[in-house]
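J.: Using the sequences and the hints, build the whole thing.
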Amino acid sequence: MEEKVPRSNIIETEIPLGTVHPAALEPYRVRLFVEDEIVQEAEITIGVNHRGIERIMEGLPVEKGNALTEKICGICSNSHVWNSCRTAEIGLDIEIPERARYIRVIMGELERLHSHFLYLAHGCETVAHETFSMRVFYLREIVMELLAMIGGNRVQYGCPIIGGVRPRCDLDEAKLLRLKTDMDKIEEGLTGFADRFLADSILISRITGVGVLPTKQAIRLAVTGPTLRATGVARDLRTTMYEYDDFDFNVVTQPDGDVKSNLLMRVLESFESIKIIRQAIANIPEGKVVNRDWEMFDTDMIESYIEVPRGTLYHSYYLESGRIRHCIIRTPSMANIAAMQYACIGDHITDAQLSIVQCDPCFTCTDRAIEIIRR
Amino acid sequence: MFESTVLYSILAVAVTVVICFLISTLLPGIERKYIHARIQQRIGPPVTSPGIMAPIKFLYKKNIKPSSPVPGLYKILPIVCFLVVLCLLIALTPYAFAIPALASLVAVVGLLKVEEICYVLMGALSKSIMSVRMPFPDRVKGAAHLNTTRSFIEDISARRSLRMITYGSFPMYLALFAPVTQARSIFLQDIVAYQQAHGPFLFTVAGGIAAIVFFIGYMIILNEYPFSIIKAKCDVIEGPYMEYASKYRSIVFITRGFLMFTLGVLFSVLFIGIPPTIFSPTILINIFVVLVFVFMMGIFSAFTPVFTNRQLLPTIIGATLLGILAIVLGLL
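Protein chains in written order, with our numbering: chain A, 1 to 375; chain B, 1001 to 1332.
Please note that a few of the clues may not be correct.
What the hints assert, rightly or not - A short, non-exhaustive set of chain B residues, derived as facing chain A with CB atoms under 7 Å:
| # | residue |
| --- | --- |
| 1 | 1058 |
| 2 | 1145 |
| 3 | 1147 |
| 4 | 1148 |
| 5 | 1308 |
As the list claims (entries may be wrong) - Below are the SDA-like pairs computed for lysine to any residue, each with C-alpha atoms no more than 25 Å apart in a straight line:
| # | chain 1 | residue 1 | chain 2 | residue 2 |
| --- | --- | --- | --- | --- |
| 6 | B | 1247 | A | 209 |
| 7 | B | 1127 | A | 43 |
| 8 | A | 288 | A | 245 |
| 9 | A | 4 | B | 1145 |
| 10 | A | 4 | B | 1310 |
| 11 | B | 1233 | A | 323 |
| 12 | B | 1233 | A | 200 |
| 13 | B | 1065 | A | 20 |
| 14 | B | 1127 | A | 20 |
| 15 | B | 1233 | A | 71 |
| 16 | B | 1127 | A | 38 |
| 17 | A | 71 | A | 323 |
| 18 | B | 1127 | B | 1149 |
| 19 | B | 1233 | A | 185 |
| 20 | B | 1141 | A | 11 |
| 21 | B | 1233 | A | 193 |
| 22 | B | 1233 | A | 337 |
| 23 | B | 1141 | A | 52 |
| 24 | B | 1233 | A | 209 |
| 25 | A | 4 | B | 1138 |
| 26 | A | 185 | B | 1042 |
| 27 | B | 1141 | A | 44 |
| 28 | B | 1233 | A | 288 |
| 29 | B | 1141 | A | 8 |
| 30 | B | 1141 | A | 12 |
| 31 | A | 185 | B | 1043 |
| 32 | B | 1233 | A | 264 |
| 33 | B | 1233 | A | 44 |
| 34 | B | 1141 | A | 27 |
| 35 | B | 1062 | A | 22 |
| 36 | B | 1127 | A | 27 |
Said to hold, decoys possible - DEER-style ranges, computed between Cβ atoms:
| # | chain 1 | residue 1 | chain 2 | residue 2 | range |
| --- | --- | --- | --- | --- | --- |
| 37 | B | 1133 | A | 282 | 52 to 62 Å |
| 38 | A | 52 | B | 1147 | 29 to 39 Å |
| 39 | A | 295 | B | 1145 | 53 to 63 Å |
| 40 | A | 141 | B | 1212 | 46 to 56 Å |
Derived by calculation from the structure, the hints in this document are not laboratory data.
For each residue, glycine too, the CB sits at the ideal point set by N, CA and C.
T.: Written as structure tokens, this is what we have:
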């Protein structure tokens, strides 16, 4: 695949879209520079939803800071609080009970399933295939109910805490049985969806070769997560995370880096998530779910990277007198924004939002810096 | 005697049009509730909601001044569209056959073209806040290309509408002229009379092919997925209709249902030879044909994504070739 280069010399018109647009789930501005409705260059600007969470966290007790990180994202809320707790646990040298580790993995994979299903539904909605979109949302509903069963809520589950998981999120036999049964339902539904999706020649022709991101370019732009794997690069941080040591799963890749590869990537990765959850249900050890035997002390900078549904999530803290002195959070979309801009190039303007959506953006979570414009 | 005949005709046209209009308000609801929602396994809106309750609701909303260089003209256009569809339906009634200038294919094509030209004007005259006018500081230090020409998304819609006029609606017009090859006349009266004597054109090979082409053209004229490039949600959003609010949006909603009905009736006149009149039970056939078209369109649109030029052009070329084939077969 050849690298995409913006053809700035033949730009005819600029078409700005947003910050409010029905094809975008979040507020952002995209300036499309086009020639006869073909995008030659694109520029995405975010900053509409800056909430200053990093600044608010400074000075908070670390437990409160953890709870606040959950509010960063409505889709990967568990991933944020998980990585936030993980960061503190690494810095304070806290050992996690085995059972808690398994429950965290189950929650992480359930979140991956619902995030991937949301992605698939949003992708189908963006190409105006409402029927497929609705069918994926029905599958997602099963996952959302499972998350509510474990965490008590559909969005903010509050499952991980420093030292393990919240005791109310412990899994008894009935919950494990429901998880097992629902995994079968999801697998069956997803298989049916994938079969129909691949058999739909109109839809496949519509998404093949659209929004291509070449492998070399993806690596150069430091793209992460499924968007990178959809360009053929087998890089998944879960293979290096100690939480996943006991689990057997494949790192799925797709060759083309286009919308079709990205959508299929999520479908295939969802099957791997189901596999991981089944292993966790079968082998979950007995024992306590939280280790409260730890002490607070001052730390240097602590860093933690984990693989979340959309890519690599980074958290870092300095802890001082039990409070967060400094905090940095970087979400996967931070790295993927550049990829979105390149993915649009060369495609029809109707495909521009689709090319952005294929990189699984989460702009609201990514808003970290604010620029004051003096007039 | 002459006066009473004219009065009777006017009354018959008025009653027919009113009944047809009332039925047409249910069509968007039928499409959304009984086709889209059933296919998507959801409850869907009440059947009266999209075509009746929504327009009534909009009638009572406070109007806003549209952001348009010529707001007066922009506001008139939906009314023009409605009147065009009304004229088209009147032209299809048997009472209009006495006015050959109205009840001919040339008039039908002309009226449909006026409808299409309205979309171009609407697109060109709408300047919504969804693109250039959004107060967002995107042209700041460090931004790319600070001196480009900026375009509203409705401008794209206008250009696409123009393209649809030039080649997009071509299959529809070929299908309209296919029955002429057998009736040897462009007047609706002759086309209907020919079919009543020789059987419906639909049940000939040429008629079957032309019917397929007509259906594709029907979806293009109605801007339904997958052909809805002038109001594709993924880029131009509502396109030409973006700035309509209150009663103007209400008229847009009503006109859509009315156009769905009228195009169905147009098919039954040209391909089955049954013009709509409330004083004949054959109007049930007209309504049946309308419902068949609505069902087919609903099913087709529920299972297809929006097309870009890459899919649209081959589809239109294919449909055009089929239309030419239908005409050639009709002539032979």
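J.: For which of the previously enumerated hints does the structure constitute a violation, in increasing order of number?
T.: 1, 3, 6, 11, 15, 19, 28, 40
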